[in-house]
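Participant: Listed below are the residues making up each chain.
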Amino acid sequence: MESIAQAVAERVIDLVIEALDMDALIAKIDLNDVLAQIDLNSLIDRLDLNEVLDHVDLNQVVERVDLNQVLDRLDMNKLLAQVDINQIVSRVDMEGLVRNTDLGAIMVSSSSSLATEVIDMGRGHAVRMDDTLARWVSKLRRNHTRRSGSPELPTAEESPELPTAEEEP
Amino acid sequence: MTAPIDANRPQLVPGDGRPPPAAPPGIGPDLRGQHSGFASRFIAFLFDCVLSIGVFMLVLAAASFAASVLTGTSIHWSRANLWVVIAFFGWQFFYYAYCWTTSGKTPGMVLLGVQVVGLDGSRVGTRRGVIRTLAFPLSFILLGLGFVGILFQRDRRALHDLIAGTAVIYDWDTREARLRSLAREGSDGRA
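If you're matching them up, the sequences are chains A and B in order.
Each residue of the first sequence is one higher than the one before, starting from 64 at the first, in my numbering.
Each residue of the second sequence is one higher than the one before, starting from 5 at the first, in my numbering.
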């Protein structure tokens with residue numbers, strides 16, 4: 064009797080399910096309302112995320128992401144404000160950096176002696192005198208050209224492959 | 005040759021907000037490879053004169069001393085002595101020819117940061133170095149008119165440069181000098 068009842072019930076359920084229009088049913092359900100009633104935190108707590116992630120092919124996911132678009136939406140200033148630069152610098156291998164780059168040479172030349180300082184100063188003054196002389200001569204030539212009415216002298220742009228110091232700002 | 009430093013590039017400001025220290029006079033964009041001016045070359049030449057004549061006098065004095073020790077008679081050198089004149093010009097020729105052919109720089113040029121190069125920026129070499137040394141006195145003999153080209157020519161070449169096919173350029177690293185200057189200013193500011 065019991066088995067007959069169970070068989071009848073199963074048959075009835077099958078018939079009901081077949082008769083149901085699932086799309087219409089889902090359309091009638093307010094999913095937002097349903098989601099509002101779900102405690103997502105407890106749901107997530109019950110999820111083994113590691114197991115989920117094991118099933119995910121991250122490479123495929125990343126391939127489908129437009130990283131440029133993601134970067135465009137990033138506020139880099141806000142991001143950098145959270146970065147501890149000092150901590151990053153403390154992790155830099157300074158010795159390796161000095162050994163493998165021009166930084167070492169620059170530091171050596173920067174920590175120069177008094178003699179180098181004097182030579183730099185002397186050379187600097189000599190270059191300034193060179194420029195002053197070049198300006199005087201240039202003025203002299205301009206005045207002479209104006210007085211004699213001859214055509215303009217070639218400009219500095221026409222100079223040969225090695226330019227002169229007076230052309231620099 | 006290095007590319008010139010961009011003079012319009014914004015300068016770094018020290019962390020404490022102080023304005024960046026000013027560079028020493030003359031130390032601006034990189035000058036390497038540019039034709040050297042009259043003042044740098046003249047000061048370098050003066051230094052070479054003092055050095056070469058000083059060395060020559062020292063050698064004469066040493067020779068005189070050695071002669072007085074060995075023979076007991078002292079030798080007095082004078083400009084009227086033909087051998088002294090020949091030795092002087094021989095020494096001057098050696099001094100300049102050796103320096104220009106080997107490195108393109110005399111000690112004075114090293115001090116002032118200038119160098120003699122070929123017209124294409126190549127090394128002077130023996131031939132051009134010797135020709136330049138031989139032509140050098142010509143610039144003096146013509147009442148110094150041989151040097152006028154340094155002032156008036158765009159490529160700043162003197163008569164002896166024109167004859168030898170050489171040019172004189174700046175050879176000191178102004179970028180390094182600027183860094184040194186900034187480092188000094190920085191350390192002075194911190195002290």
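Warning: the hint list may mix true and false statements.
As the list claims (entries may be wrong) - Which residues of chain B face chain A? A partial, calculated answer using Cβ under 7 Å:
{"#": "1", "residue": "W95"}
{"#": "2", "residue": "G117"}
{"#": "3", "residue": "V152"}
As the list claims (entries may be wrong) - Not everything, but these chain A residues come out facing chain B in the computed CB check (under 8 Å):
{"#": "4", "residue": "E158"}
{"#": "5", "residue": "L160"}
{"#": "6", "residue": "T164"}
{"#": "7", "residue": "L177"}
{"#": "8", "residue": "I182"}
{"#": "9", "residue": "A189"}
{"#": "10", "residue": "M192"}
{"#": "11", "residue": "D193"}
{"#": "12", "residue": "D194"}
{"#": "13", "residue": "L196"}
{"#": "14", "residue": "A197"}
{"#": "15", "residue": "K202"}
Unchecked claim - Here chain A is said to cover these stretches of chain B; the calculated rule only asks that three of the stretch's residues, wherever they fall, bring their Cβ under 8 Å from a Cβ of chain A:
{"#": "16", "region": "84–94"}
{"#": "17", "region": "128–140"}
What the hints contain is simulated information worked out from the structure, not anything from laboratory work.
No residue lacks a Cβ here, since even glycine has one placed at the ideal position from N, Cα and C.
Participant: All hints are to be evaluated individually against the structure, with a verdict given for each.
Facilitator: Hints, one by one, checked against the model:
1. W95: violated (26 Å)
2. G117: At 5 Å from the nearest chain A Cβ, B/G117 passes the 7 Å test, so the hint holds.
3. V152: Interface hint status for B/V152: violated (10 Å vs cutoff 7 Å).
4. E158: violated (20 Å)
5. L160: violated (17 Å)
6. T164: violated (14 Å)
7. L177: violated (10 Å)
8. I182: Check passed: Cβ of A/I182 comes within 7 Å of chain B, closer than 8 Å.
9. A189: Interface hint status for A/A189: holds (4 Å vs cutoff 8 Å).
10. M192: With a minimum Cβ separation of about 4 Å from chain B (threshold 8 Å), the hint on A/M192 holds.
11. D193: Check passed: Cβ of A/D193 comes within 2 Å of chain B, closer than 8 Å.
12. D194: holds (7 Å)
13. L196: Since chain B brings a Cβ to about 5 Å from A/L196, closer than 8 Å, the hint holds.
14. A197: holds (6 Å)
15. K202: Nearest chain B Cβ about 12 Å off; hint violated.
16. 84–94: violated (count 0)
17. 128–140: Result for this restraint: violated, n = 0.
Taken one by one, the earlier hints fail for this structure at numbers 1, 3, 4, 5, 6, 7, 15, 16, 17, listed in ascending order.
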